Amino acid sequence: MKNNPPRVALFVTCLVDAMRPQVGFAALALLEQVNCTVDVPMGQTCCGQPALNSGDQDGTRQIARQNIELLAGYDHVVVPSGSCAATIIKDYPDLFESDPAWHAKAVNLAGRTHELLSYMNDVWGWRPKGVDCAETATYHDSCSGLRSLNVQAQPRQMLAAVTGLEMRPLEGANVCCGFGGTFCVKYPDISNAIVGEKAAAINATGADLLLGGDLGCLMNMAGKLHRDGSKVRAFHAAEILAGMGNGPAIGEPA
Amino acid sequence: MSNAKAEIFAAIRKSLPSPSSATNIAEALAALRNRVNPTRPDRVNGAPDEVFLARVQSPGVAASAERIANLDNLPAAVARYVSKNNLPPSIALQPHPDLQGLNWSGLHIHHDIATDEPVAVGLALGGIAETGTLVFHSQPHSPTLFAFLPLHHIVAVYAETIWPWLEDYTAEFVGQTPPRNINFVTGASGTTDIEGTLVRGAHGPGWLHIILVEQ
Amino acid sequence: MSAFQGRVSSALADATLKIAIDRTTNTARTKRAAAIGAWPEFAEARELGRDIKDHVIANLEYYLTQFEANAIKTGAKVHWARTGQEACEIVVGICKAANAKSVTRSKSMLGEEIGLPHALEAAGIERVETDLAEHIIQLAGEKPSHIIWPALHKTREQVGELFRANHTDPGALASVEQMVNSARRNLREKFMAADVGISGANFLIADTGGICTVTNEGNAELTTTPPRVHIVTVGIEKLVPSMTEAMTMLRLLVRSATGAELTQYTTFHTGPKRPGDLDGPEEFHIVLVDAGRTKMLAEGLAEMLRCLRCGACMNHCVVFRQIGGHAYGSTYPGPMGSVITPSQDGIEQFQDLPRACTLNGQCGEVCPVAIPLPKLIRGWRTKAWVQGYEPAISKTALLLWRFLALRPGLYQFASNIALRFMPIFARSGWIAKMPLAGGWTTYRDLPSPQGGTFLSQYKAKHRKAAK
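Protein chains in written order, with this note's numbering: chain A, 1 to 254; chain B, 1001 to 1215; chain C, 2001 to 2467.
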């Protein structure tokens, strides 16, 4: 592949686009390190998951068709979120089960789409070089990435190569943080009870940093930690790997 | 056919309009059965009676157990158990001919079982090594309640009737009409209904003592 | 506030309930993990279990016919009930014909589902629940809150108080052991005095016409052996072809439910007492109940008919572990209940159940027969959306968002306007309160956005680079 770098589309996700562009720039930095030719298609909005999980299948199909066309022609599509990547990889093909033409296109896109952290590890065997971060950190496995895409070992393997970073295990790292997309605003009381337990587990690690691979979950946990006065700071793992760990954490002013 | 049955079947037909032939169903079932062996817990490596004895005394089953050379030694083993546990020397004896033929002198024997019977002695049809399970078939010489009413249940089982896996037991009786009750007994009665805490002796026996008879 | 949300609020405010839920579900998860960990063949067994159940459901008519014929051959009386009410009428009819004054009952979720406890009481028959948890629930006048541990919502302290008030000579009730012993003493004679014993069934064995019960306590056998009549109420989906398949299903069921390999008592009941037998019932009735099973089949929920009722999905559900079983307001709580209940009792009334789920997938992952619970839960959301049950506020918001998401230029424009306003509400990077964001900010701070959208920042950088 070295002689013929793949053309990669970065699909940043709606949350990164609006709430934390730094994750998008971290993803760009990582992809450039493996010599991908990266393009950011300007027609991107959202993968459609809010509609899908609210039961609006027709609406999701409209958004999916828009993305399938937008992302046609790239060798790879990389998404810095297990949840959004899983929507494209697992749900798009299911949505077009009774529409052979679009189903074929959806399957084709699914085969080219990767979650960022597993892409860096599984496709490129990439490791950070000369990245310093003298902190202790713990890692939460977001559910979609973990269960739909098997993202678990990859971020930890790459983070292990960050100089000075000490990883601490998180009790119940594979248990949902209570975000659940629209769930967290439709049932805030239940979501709060769940994230309260998660925040307690994070605090119990004594780590300085909370890392993860999905901005939605990270905002949920960081927002709860901050409300409760915790000093734990949260980053997307890609930011640490791209050497941006000395910048502002989630919620910190630039 | 009752109305209810006819309507239920009609509703099934609506969702499953083209039933398979009996031959096709039998073939599909045979294919499923071919997949059983690799799914069994790979643990019955030694002699089945040895695996069985280890299993019944494992923390999950938590029965007590011992070996005796032959059935003639059973009354002495029972007497030892009764005395060691400070139990009355009076036992309800399952009306099995093998047990009735033994010399029970020194113990008071009765064949009825009381609701709050302290000790009963029985003979199992066999055992299953995989899970440390005793198997009882209800029959005139093996009433079901003998395994459920006593506080202490002492059970003799012949080493030659230990099946390795659960399916080895079922294979032995294929095609036969089962007895009214087949009871698999795996340890003493227990409950986790209060806060998930395991407590023995919920309704059935609080203690299960297994005596493996070598011959 | 919906009735569901009202129940959720009271559940979340109940600190004792949370202690009780944690004590049992934490133990259950730990024990299941150990049991599955000690069984490397689990993944293959799970696929086999799934395929056995699918095979039976695909050939339901064949296996039901086979089961009925074999059961009749052994002397059982087989009854068919389309609805729960019909099943209750059959059971009460059998009890009345037997002149039953007292009935013992061994825990059965189907019995709860069809309202059998109430039907027996309405008929003036004394009902004695013999499963320890059901006994606790009966004394408390409550409903089960879990399908394996019906009294999961009660702490040991609460059980102690209940027994002190209701048991004859309870003695000391300081430990769980003492409580269990008191229940043993108090229920002993009732087992022997009952005229009819009623159980459910974990499996129907098609090729013998027998049924299988799985208990830890031994109460099923003490319920079904002493009385003159044994009645089984069971759903038509509980079939397995033979004892061989029952063994595979038992391995999966018990490890997933309690973490044991087999429960203490697994009993196959086939027909009534035989000539010469010293104990056992003279009459053996099996009531085969539809009560919505064929409806689930018709509604595309065939996968749900695999369910073994092990409870693993709820033990691993983050929502169940916060709100407990009663908050669901249904017979079956947790993930499996969120799929079954809308089918049985209507999506309009129970639309919150499939919605109050984070779709995190752990339930589907632990299910011993690989029911795709998240997919089925999302399927109910689709039905609710299509049928117009999405609440107006969230529907309007979602449609507006969809309108923008399909128009990328407008979407970027709108995003950048919103992002310009949001920092107004922020204090050193965090937003603690903002109009329209109450769902988030009631409990969490919202990080203030980092300037404009990624796309606009990226475009600006590239323009600079090009210059």
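Calculated from the structure, these hints are not laboratory results. No experiment lies behind these values; they were computed from the predicted model shown. Take the hints with a grain of salt, since some may be wrong.
[Unchecked claim] Stretch-level coverage of chain C by chain B, calculated; a stretch enters the list once three of its residues show a Cβ under 8 Å from a Cβ in chain B:
| id | segment |
| --- | --- |
| 1 | 2024 to 2033 |
| 2 | 2096 to 2102 |
| 3 | 2176 to 2186 |
| 4 | 2264 to 2275 |
| 5 | 2413 to 2422 |
[Claimed, not checked] Listed next, the in silico EDC-like pairs over lysine to aspartate or glutamate satisfying Cα-Cα at most 20 Å (straight line):
| id | chain 1 | residue 1 | chain 2 | residue 2 |
| --- | --- | --- | --- | --- |
| 6 | C | K2383 | A | D94 |
| 7 | C | K2459 | A | E32 |
| 8 | C | K2096 | C | D2207 |
| 9 | C | K2077 | C | D2207 |
| 10 | B | K1014 | C | D2054 |
| 11 | A | K90 | A | D58 |
| 12 | C | K2073 | C | E2390 |
| 13 | A | K105 | A | D75 |
| 14 | C | K2096 | C | E2068 |
| 15 | A | K105 | A | D58 |
| 16 | C | K2018 | A | D75 |
| 17 | B | K1005 | C | E2061 |
| 18 | C | K2031 | A | D94 |
| 19 | C | K2464 | A | E32 |
| 20 | C | K2383 | A | E171 |
| 21 | C | K2101 | C | D2207 |
| 22 | C | K2143 | B | E1195 |
| 23 | C | K2101 | C | E2282 |
| 24 | B | K1014 | C | E2061 |
| 25 | C | K2190 | C | D2279 |
| 26 | B | K1005 | C | E2068 |
All C-beta atoms, glycine included, are put in the ideal place defined by N, C-alpha and C.
Given hint D75(A) paired with K2018(C) - CA-CA distance at most 20 Å: Since the Cα atoms of K2018(C) and D75(A) sit roughly 50 Å apart, the hinted pair is violated (cutoff 20 Å).
Hinted pair K2077(C) and D2207(C), Cα distance within 20 Å: Roughly 16 Å between the alpha carbons, so the hint for K2077(C) and D2207(C) holds.
Restraint status (C-alpha distance of K2143(C) to E1195(B) at most 20 Å): Holds: K2143(C) and E1195(B) sit about 17 Å apart, inside 20 Å.
Pair hint K2031(C) and D94(A), alpha-carbon separation not exceeding 20 Å: At roughly 35 Å apart (the allowed maximum being 20 Å), D94(A) and K2031(C) break the hint.
Pair hint K2101(C) and E2282(C), alpha-carbon separation not exceeding 20 Å: Holds - the C-alpha atoms of E2282(C) and K2101(C) are around 17 Å apart, at most 20 Å.
Pair hint outcome, K2073(C) versus E2390(C) [Cα-Cα no greater than 20 Å]: Not OK: K2073(C) and E2390(C) at ~52 Å, beyond 20 Å, violated.
Distance restraint between K105(A) and D75(A), which requires alpha-carbon spacing of 20 Å or less: holds, 14 Å
Pair hint outcome, K2096(C) versus E2068(C) [Cα-Cα no greater than 20 Å]: violated, 24 Å
Within 8 Å of chain B's CB atoms, at least three CB atoms from the segment 2024 to 2033 of chain C: coverage verdict: holds (count 5)
Straight-line alpha-carbon gap K1005(B) to E2061(C), limit 20 Å: OK: K1005(B) and E2061(C) at ~10 Å, within 20 Å.
20 Å limit on alpha-carbon distance, applied to hinted pair K1014(B) and E2061(C): With Cα atoms ~11 Å apart, K1014(B) and E2061(C) stay inside 20 Å; holds.
K1014(B) paired with D2054(C) [C-alpha distance capped at 20 Å]: The given pair, whose Cα atoms are some 17 Å apart, holds under the 20 Å limit.
Consistency with the previously given hints fails for numbers 2, 5, 8, 12, 14, 16, 18, 20, 21, ordered from lowest to highest.
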